[in-house]
Amino acid sequence: MSFVKFENVDLAYAPGGALAIQDVSLEVKEGEFVAVVGPSGCGKSTLMKLISGLRMPSGGYVYVDGRQVGGPLKIVGMAFQNSNLLPWRTTLDNVMLPLEIVEPYRSTLKKERVRYEAEARQLLARVGLAGFEDKFPWELSGGMQQRASICRALIHQPRLLMLDEPFGALDAFTREELWCMLRDLWQQQPFTVILVTHDLREAVFLADTVYVMSKRPGRILVRREIELPRPRDLDVTYTDAFAGHVHELREHIGRVRAS
Amino acid sequence: MKVNLVKAAPWLVVAGMFLLWELICVGFAVPEFLLPAPSAVWKVGVEQFEPIMMHATQTFITTLAGFAIAVAVGLLIGMAVGSSPLLYRAMYPLLVGFNSIPKVAFVPVLVVWFGIGTVPAILTAFLISFFPVVVNVATGLATLEPELEDVLRSLGASRIDILGKVGLPRAMPYFFASLKVAITLAFVGSVIAETVASNLGIGYLMMSASSSMNMPLVFAGLIVIGVMGVVMYELFAFVEKRMTSWAHRKPDGAA
Ligand SMILES: Nc1ncnc2c1ncn2[C@@H]1O[C@H](COP(=O)(O)OP(=O)(O)O)[C@@H](O)[C@H]1O
Ligand SMILES: [Mg+2]
Numbered sequence: 001m002s003f004v005k006f007e008n009v010d011l012a013y014a015p016g017g018a019l020a021i022q023d024v025s026l027e028v029k030e031g032e033f034v035a036v037v038g039p040s041g042c043g044k045s046t047l048m049k050l051i052s053g054l055r056m057p058s059g060g061y062v063y064v065d066g067r068q069v070g071g072p073l074k075i076v077g078m079a080f081q082n083s084n085l086l087p088w089r090t091t092l093d094n095v096m097l098p099l100e101i102v103e104p105y106r107s108t109l110k111k112e113r114v115r116y117e118a119e120a121r122q123l124l125a126r127v128g129l130a131g132f133e134d135k136f137p138w139e140l141s142g143g144m145q146q147r148a149s150i151c152r153a154l155i156h157q158p159r160l161l162m163l164d165e166p167f168g169a170l171d172a173f174t175r176e177e178l179w180c181m182l183r184d185l186w187q188q189q190p191f192t193v194i195l196v197t198h199d200l201r202e203a204v205f206l207a208d209t210v211y212v213m214s215k216r217p218g219r220i221l222v223r224r225e226i227e228l229p230r231p232r233d234l235d236v237t238y239t240d241a242f243a244g245h246v247h248e249l250r251e252h253i254g255r256v257r258a259s
Numbered sequence: 001m002k003v004n005l006v007k008a009a010p011w012l013v014v015a016g017m018f019l020l021w022e023l024i025c026v027g028f029a030v031p032e033f034l035l036p037a038p039s040a041v042w043k044v045g046v047e048q049f050e051p052i053m054m055h056a057t058q059t060f061i062t063t064l065a066g067f068a069i070a071v072a073v074g075l076l077i078g079m080a081v082g083s084s085p086l087l088y089r090a091m092y093p094l095l096v097g098f099n100s101i102p103k104v105a106f107v108p109v110l111v112v113w114f115g116i117g118t119v120p121a122i123l124t125a126f127l128i129s130f131f132p133v134v135v136n137v138a139t140g141l142a143t144l145e146p147e148l149e150d151v152l153r154s155l156g157a158s159r160i161d162i163l164g165k166v167g168l169p170r171a172m173p174y175f176f177a178s179l180k181v182a183i184t185l186a187f188v189g190s191v192i193a194e195t196v197a198s199n200l201g202i203g204y205l206m207m208s209a210s211s212s213m214n215m216p217l218v219f220a221g222l223i224v225i226g227v228m229g230v231v232m233y234e235l236f237a238f239v240e241k242r243m244t245s246w247a248h249r250k251p252d253g254a255a
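As given, the protein sequences belong to chains A and B, one line each in that order. Take 1 as the starting number for the first sequence in this note's numbering and just add one per residue. Take 1 as the starting number for the second sequence in this note's numbering and just add one per residue.
These aren't lab readings, by the way, just hints derived from the structure by calculation. Only a predicted model underlies this, so the values are computations on that prediction, with no experimental measurement involved. It is possible that some hints are incorrect.
What the hints assert, rightly or not - So, partial list: chain B residues that the calculated Cβ filter (under 10 Å) puts toward chain A:
(1) A142
(2) D150
(3) G156
(4) E234
Beta carbons are placed, not taken as given, at the ideal position from N, Cα and C, and that holds for glycine.
Produce the complete structure using the sequences and hints provided.
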């Protein structure tokens with residue numbers, strides 16, 4: 001039983017115009033960690049919009065949790081390359097923003113504020129932001145902002161976490177730290193993750209399954225299962241098995257470029 | 001030392017200007033009916049303190065009334081225009097066209113509708129000062145990042161939610177910045193209307209003083225308007241800073 005399912009999905013932004021993605025079929029199991037890689041402009045963000053119901057497919061079907069997607073889903077959390085934290089809110093208040101919107105939190109927030117706040121603090125502590133709850137976003141480093149942004153995406157306990165190049169703007173060291181943070185969050189309390197990235201090492205290190213997309217119009221070229229044992233440590237990135245996966249994916253991307 | 005100089009500089013400039021003005025008037029023996037010296041203006045100001053204050057109060061209240069209407073109407077139109085691209089396209093030419101009409105041209109119309117008195121002055125103050133509020137609120141609302149909108153919509157946020165959680169807070173620095181501009185414009189509007197269509201207020205006082213060649217009193221009126229304008233501007237600048245400190249952030253509390 002798949003949690004997310006695409007059946008021959010096409011999408012054109014303008015009715016009758018050029019396709020952004022074409023004939024995409026894929027299946028994601030509940031709790032699976034999926035990475036999507038592909039050249040810039042190939043429709044990765046478009047894929048995210050289809051899954052979250054922000055866009056309707058021009059052709060084909062999108063199912064999430066057994067139902068056809070017909071509008072914005074409320075069981076997803078999203079984070080992007082830009083943390084998009086609100087500068088007038090403290091880190092804690094930023095993280096709690098979804099609770100002001102999503103039911104059942106929304107209607108119980110007044111009564112249960114103390115409990116929800118404790119949960120938010122706990123989540124921030126899990127990503128290493130204990131002590132920064134009352135700081136404003138501009139007082140945090142880029143990596144910390146991204147951690148907070150991922151907390152905001154998870155606070156309402158979504159079943160599906162969608163990350164669109166979340167670590168793209170970070171330096172290499174910070175990026176690896178955040179890989180581990182995300183790995184730990186996911187391993188402690190599994191949810192389904194769809195991660196869009198252009199970093200093949202990131203995809204192989206984190207994901208169970210990697211999809212490679214072609215350049216526009218985006219199609220799925222390859223699906224690769226990464227059978228590296230879990231829990232994975234950063235050391236795994238220096239093994240031959242790891243390098244082999246990265247290499248193979250790189251070759252597909254190379255072919256995408258050349259074609 | 002440096003900080004003190006920065007703080008004192010505006011006062012020094014004002015004092016210097018008055019001094020220069022006094023020296024020119026005394027040095028060149030400028031007749032009082034052309035340009036009264038600051039000392040003569042001060043003398044009239046002290047002698048006629050009570051009537052000046054009475055007219056100043058009238059102008060002040062008129063201005064605040066017009067300004068309050070401008071803020072309310074400006075916020076409403078700004079929110080409507082800023083949150084709906086359709087309304088934006090539809091209203092923009094009308095608003096720009098309206099803004100380019102000199103507001104003094106409305107005064108005769110207002111006099112016909114409401115007679116001589118306070119109402120035309122309030123409405124002129126309103127007409128002249130609501131446009132900056134509209135433009136700033138609309139601009140602030142229209143700068144929502146598409147990704148942030150995606151985050152919120154994917155949570156099931158309604159347009160009202162997005163407006164309340166993100167749009168309005170984001171527009172607040174623009175809004176408060178527009179208040180500074182609007183309050184000074186409101187003074188312009190009420191004084192203009194008072195000079196032609198009232199028998200109360202600083203504008204009226206100056207008009208009647210100039211017709212009896214009482215130039216020191218005219219200048220006393222000008223200075224009173226200037227002082228009220230500066231005080232209100234500074235007040236709203238302070239409020240702006242207080243309400244939107246996140247937009248004036250400086251690292252490590254060096255604000
Ligand atoms: N809102 C939009 N309207 C029209 N075209 C769009 C829109 N968003 C994306 N596109 C187009 O769709 C294609 C895929 O974009 P996107 O999904 O953002 O790519 P990626 O995230 O892989 O870089 C691009 O060619 C882009 O120009
Ligand atoms: Mg993208």
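Status of each hint after checking the structure:
Taking 10 Å as the C-beta contact cut-off toward chain A, the hint placing A142 (chain B) at the interface is violated, the least distance being around 17 Å. Taken as an interface hint, D150 (chain B) checks out: its beta carbon lies about 6 Å from the nearest beta carbon of chain A, inside 10 Å. A cut of 10 Å between beta carbons decides the hint on G156 (chain B): the least distance to chain A is about 4 Å, and the hint holds. This hint is violated: E234 (chain B) has a C-beta 24 Å from the nearest C-beta of chain A, more than the 10 Å allowed.
In the structure shown, a violation is registered for the earlier hints numbered 1 and 4, in ascending order.
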